[in-house]
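Letter by letter, the chains look like this.
2 protein chains.
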Amino acid sequence: MPKKIPKKTIQRVLIYHRYLTFLLQQGTRDISSKSLADILETTPSQVRKDLSCFGRFGKSGSGYDVLELRDLIGKRLGFEKLRKVCIAGMGNLGVALAGYRGFEDLGLTIQAVFDSDPKKINRKFDGLVCRDIKEIAPVVKKNQIDMAVLTVPAGSAQEVARRLENAGIRAILNFTPVKLTLSSRVKVSNVDLAVELKTLSFFIR
Amino acid sequence: MPKKIPKKTIQRVLIYHRYLTFLLQQGTRDISSKSLADILETTPSQVRKDLSCFGRFGKSGSGYDVLELRDLIGKRLGFEKLRKVCIAGMGNLGVALAGYRGFEDLGLTIQAVFDSDPKKINRKFDGLVCRDIKEIAPVVKKNQIDMAVLTVPAGSAQEVARRLENAGIRAILNFTPVKLTLSSRVKVSNVDLAVELKTLSFFIR
DNA sequence: TAGATTGTTAATCGATTAACAATC
DNA sequence: TAGATTGTTAATCGATTAACAATC
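Chains D and S, in that order, give the protein sequences.
Residue numbers for the first sequence, in UniProt numbering: 1 to 205.
Residue numbers for the second sequence, in UniProt numbering: 1 to 205.
Careful: at least some of the hints might be erroneous.
For chains that are exact copies, the list does not tell them apart, and a pair is met inside one copy or across any two.
Here are the simulated BS3-like cross-link-like pairs (lysine-lysine), alpha carbons at most 27 Å apart as the crow flies [as the list claims (entries may be wrong)]:
id, residue 1, residue 2
1, Lys134, Lys124
2, Lys75, Lys120
3, Lys49, Lys179
4, Lys3, Lys120
5, Lys8, Lys59
6, Lys124, Lys179
7, Lys187, Lys34
8, Lys34, Lys179
9, Lys179, Lys75
10, Lys49, Lys7
11, Lys59, Lys120
12, Lys75, Lys134
13, Lys8, Lys187
14, Lys142, Lys187
15, Lys8, Lys142
16, Lys124, Lys7
17, Lys59, Lys75
18, Lys81, Lys120
19, Lys124, Lys8
20, Lys179, Lys3
21, Lys124, Lys75
22, Lys134, Lys4
23, Lys134, Lys3
24, Lys134, Lys7
25, Lys84, Lys49
26, Lys75, Lys187
27, Lys141, Lys3
FYI, nobody ran anything at the bench for these hints, they're computed from the structure.
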């Protein structure tokens, strides 16, 4: 029974992983929780606690082997199993995400993009032919896509989300300001850019 | 001495504000913490606790006046004072954010955009002439811009952030995967899209 | 051995939820 | 008055930090 790992831990560990990759390129072989914490502005306790969720791979007195730690995190976080993702809504944000380098390193690959605008359908975006939103179900099934990024206009968010659900999508990263109503089998994570920026502004008033 | 308000509270209250605006358009006059909680998938206790940070404006027995509550939140969260924002880095993501409708409602306005690519400098993006990153200091000062969105490539993130700091920017919304090193006077908030997507994937493994 | 650093348990801190007297 | 709902205090839950025995 693997104990439940908090979302915040996952996020931090992904950052550790990224930094370990950098250290590796630099040729650094070993690192302590203290050094890692200093660089990433957290505490050694936090680092050790986070890592302890995934096993014990440190050496008392000398810290962690960079390569070993990085690979083990990768394994635990499922970097080896490639996740196929689609993007629904090829407006500015959809296009930006389709062209975003930085997903591959994490074992994520954009496999299909959708829009409802005839001017966009059949056009190529970063090597991917844009398909009609109406074709979500067959395309998702055929390509075994299991995640989606939702970047359609607010007005069609709920409807498109439902299509994604019906197509068998298991997780949606929702960039619309709409509270999606879906079966609990679909995991939804909201990214609200306007709220992020406004929240930041509050703290400098 | 106004007690410190948690970031999470601010974020939720911004969502309440957005929903109250919607209710207002619908013609709904009153709402209880219970109804608000049901719609936004939280608890009445959470709603009341959050609102209590900003004052007491509910009526026992009948709930809140939608218009009054919305306006008071707006006032407390500083919607009336327009915040000027600039975007550094007009790649896909910068362009997407420059064209993003949804900031204005929150009292945020994109006032300038910057890039270092001669092909982009002097080009217009959503009505704004792109300026050279080297001109950040004068442009920011002249326009009294106090926040920035950082969407440059990782390699120049730290350098551009330092320019923003020197120009007097007080807050940066950082979309790069770089841990910025700046004076503590600059408030930095990180949005890591790759980490968001990967974290989501972890929970459907 | 002495020094450093781990993994884990206990203590602390903060955020969410429940409970309830006050009140419209 | 009876019913509903507030604002706030107390209880609970979860996450972070500190402490330390174990160990390389």
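Hint by hint, here is what the structure shows:
1. In this assembly of identical chains, the alpha carbons of Lys134 and Lys124 lie at most 27 Å apart only when taken from the same copy (18 Å versus 34 Å across copies).
2. In this homomeric assembly, Lys75 and Lys120 never come within 27 Å of each other (Cα to Cα): the closest approach is 38 Å inside a single copy and 41 Å across copies.
3. For the identical chains of this complex, Lys49 and Lys179 are inter-copy neighbours only, at 21 Å across copies versus 33 Å inside a copy, given an alpha-carbon limit of 27 Å.
4. In the homo-oligomer, the alpha carbons of Lys3 and Lys120 never lie at most 27 Å apart, since the shortest distance is 45 Å inside one protomer and 50 Å across protomers.
5. Taking identical chains as interchangeable, the C-alpha atoms of Lys8 and Lys59 lie at most 27 Å apart only when both belong to the same chain, with a minimum of 25 Å there against 37 Å between chains.
6. Taking the closest pair of Cα atoms, Lys124 and Lys179 never come within 27 Å of each other, the shortest separation being 30 Å inside a single copy and 34 Å across copies.
7. Taking CA atoms no more than 27 Å apart as the test, Lys187 paired with Lys34 passes between copies only; the shortest distance there is 24 Å, against 35 Å inside one copy.
8. When the C-alpha separation of Lys34 and Lys179 is checked against a cutoff of 27 Å, the pair qualifies only between copies, where the shortest distance is 17 Å, while the shortest distance within a copy is 41 Å.
9. Taking the shortest alpha-carbon separations for Lys179 and Lys75, only the inter-copy value of 24 Å comes in at or below 27 Å, while the best intra-copy value is 33 Å.
10. In this homomeric assembly, Lys49 and Lys7 come within 27 Å of each other (Cα to Cα) both inside a single copy, at 14 Å, and across copies, at 24 Å.
11. Proximity of Lys59 to Lys120 under the C-alpha cut-off of 27 Å is found in neither arrangement, the shortest distances being 55 Å within a copy and 51 Å between copies.
12. Neither within a single protomer nor between protomers do Lys75 and Lys134 lie at most 27 Å apart by alpha-carbon distance, with minima of 36 Å and 43 Å respectively.
13. For the homomeric pair Lys8 and Lys187, the shortest alpha-carbon distances inside one copy (16 Å) and between copies (20 Å) are both at most 27 Å.
14. For a Cα distance limit of 27 Å, the shortest separation of Lys142 from Lys187 inside one copy, 21 Å, qualifies, whereas the shortest one across copies, 46 Å, does not.
15. Taking the closest pair of Cα atoms, Lys8 and Lys142 never come within 27 Å of each other, the shortest separation being 33 Å inside a single copy and 40 Å across copies.
16. Taking the shortest Cα distances, Lys124 and Lys7 never come within 27 Å of each other, neither inside one copy (35 Å) nor across copies (40 Å).
17. Taking the shortest Cα distances, Lys59 and Lys75 sit within 27 Å of each other inside one copy (20 Å), while across copies they are farther apart (54 Å).
18. For the homomeric pair Lys81 and Lys120, neither the shortest alpha-carbon distance inside one copy (31 Å) nor that between copies (39 Å) is at most 27 Å.
19. Taking the shortest Cα distances, Lys124 and Lys8 never come within 27 Å of each other, neither inside one copy (36 Å) nor across copies (39 Å).
20. For the homomeric pair Lys179 and Lys3, neither the shortest alpha-carbon distance inside one copy (29 Å) nor that between copies (30 Å) is at most 27 Å.
21. Proximity of Lys124 to Lys75 under the C-alpha cut-off of 27 Å is found in neither arrangement, the shortest distances being 33 Å within a copy and 45 Å between copies.
22. Taking the shortest alpha-carbon separations for Lys134 and Lys4, neither the intra-copy value of 37 Å nor the inter-copy value of 48 Å comes in at or below 27 Å.
23. In this homomeric assembly, Lys134 and Lys3 never come within 27 Å of each other (Cα to Cα): the closest approach is 40 Å inside a single copy and 51 Å across copies.
24. Proximity of Lys134 and Lys7 under a CA criterion of 27 Å is satisfied in neither setting, with 33 Å inside one chain copy and 39 Å between copies.
25. When the C-alpha separation of Lys84 and Lys49 is checked against a cutoff of 27 Å, the pair qualifies neither within a copy, at 31 Å, nor between copies, at 40 Å.
26. Proximity of Lys75 to Lys187 under the C-alpha cut-off of 27 Å is restricted to the intra-copy arrangement: shortest distance 22 Å within a copy versus 34 Å between copies.
27. Taking the shortest Cα distances, Lys141 and Lys3 never come within 27 Å of each other, neither inside one copy (32 Å) nor across copies (52 Å).
Hints 2, 4, 6, 11, 12, 15, 16, 18, 19, 20, 21, 22, 23, 24, 25, 27 from the earlier list are contradicted by this structure; the remaining hints agree with it.
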